[in-house]
Amino acid sequence: MISNTLAESVDNEVRQLYEWYQAAESDAERRNIFLEMEELTDAATQRSTRHSKTSEPARF
Numbered sequence: 001m002i003s004n005t006l007a008e009s010v011d012n013e014v015r016q017l018y019e020w021y022q023a024a025e026s027d028a029e030r031r032n033i034f035l036e037m038e039e040l041t042d043a044a045t046q047r048s049t050r051h052s053k054t055s056e057p058a059r060f
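Quick note: the sequence shown, position 24, residue 24 per UniProt numbering, numbers continuous.
These are computed hints drawn from the structure, not numbers from a lab.
For glycine and all other residues, C-beta sits at the position ideal for the given N, C-alpha and C.
Every clue listed holds true.
Computed Cβ-Cβ distance ranges for the label pairs, DEER-style:
1. N4 / D27: 31 to 41 Å
2. A28 / T5: 30 to 40 Å
3. E36 / E8: 15 to 25 Å
4. E25 / S3: 35 to 45 Å
5. S26 / N4: 33 to 43 Å
Can you build the whole structure from these sequences, using the hints too?
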């Protein structure tokens, strides 16, 4: 799992981008903002996945 600080930072950025998305006046603006949100969440997911691969595997 990613650190709380990083998770909070990503949450804040996504929240701000979502506010901009809601205020956007055109579909082109909304699409660009959506792509930014997607990149941000993909990057956070990749960091989380890399971190979890280095930790001890789950035991069932």
